[in-house]
Amino acid sequence: MRPPLVVWQFTDGKPGHESQTRGLIAALKRRSEVHAYRLPVSDCRCGITSLLRRRHPCQGDYPPPDLILACGRTTHFAALAARRACGGALVSLMKPPLPSRLYDLCLIPEHDGVPASDNVLLTQGVLNPVVKQPESPARVGRGLILIGGPSAHHDWPGASLIPRIVSIVEKDAARRWTLTTSRRTPAEFVEQLQTTLSPPSAAEESPLKIVPAEETPPGWVAEQLANSDAAVVTEDSVSMVYESLTAGVAVSLIAMPRRGRSRVTAGVEKLLSQRFVRPVEEFLTTGAFQTAGHILAEADRCADTLLSRCLQRAARAA
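Per this note's numbering, the sequence shown starts with residue 1063, numbered consecutively.
Please note that a few of the clues may not be correct.
[Unchecked claim] Computed Cβ-Cβ distance ranges for the label pairs, DEER-style:
#1 Pro1177 to Lys1271: 29 to 37 Å
#2 Pro1274 to Val1228: 13 to 21 Å
#3 Gly1355 to Thr1136: 37 to 45 Å
Hints are computed from structural coordinates only; laboratory data are not their basis.
Using N, Cα and C, we set each Cβ at its ideal position, and we do this for glycine too.
Whenever a hint applies, use it, and build me the whole structure from the sequences.
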């Protein structure tokens, strides 16, 4: 029997980075017995001396790693020192801040423009913990609206976004709609939307359930996607777009003002041209959502590659 795969996960505590590593570790666990250890970089401070002397603050606290995961700029030096001191394969999630030749494998979104190579595996979007759920009648007739906010690549459209959302809800009034925001969403947006959608009388129910991001626990979006058959996403929310595609729901995009052309906006255009996602105008015209023919499962694909390489390393060492 193959021994458990030991994974050291270096973390900076940022939700987006945690989500990526959680998705990859979950995919590994669906394929193999995995013992994963979460190592906050704040507890594993390493200097150049640690690297040169092949020592690490966490050495001896955990079983020697088979895989070392680094996600977030501040995690990489500690992860590199861990490999030098303890062995194991070093894996970067996203484009690393250090030369890629220092890593055994880099899992990099293709929109970052890095060419594929023996140790660079390109992914469609960043990894996430979402898993496609079996088709169920309970999912039909539920819709999720995911709102982002201003970013380095997009401006905020202001009050013009609210009538857009009202039009979406009214186009399919029988659907049970839920809307959530992100940490980037301007604070006044939810209040303005609630005021606009307030029913005439207290006895009537609002056509849209609004759950601000601050009120959602980790994993909430994935849970909602598992119970929906359609998602409408503002195009700036790239991670939410890929989570929706991974969940296997029909995805429509709300266009947002762009700050010129960038790798992010180019990635959005590619998804639209491939018909993975549709502009929300199609839904507003036809009243129907169209599911993409191709479902993403990037965490699973990366897990397969990593396990294959781990087996190859073990065979060479035997």
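Hint by hint, here is what the structure shows:
Range check, Pro1177 to Lys1271: about 44 Å between beta-carbon atoms, so the 29 to 37 Å window is missed. The hinted window of 13 to 21 Å between Pro1274 and Val1228 holds, with their beta carbons roughly 18 Å apart. Separation of Gly1355 from Thr1136 is about 39 Å and conforms to the stated range, judged on CB atoms against 37 to 45 Å.
In summary, the structure is inconsistent with hint 1 from the numbered list given earlier, while agreeing with all the others.
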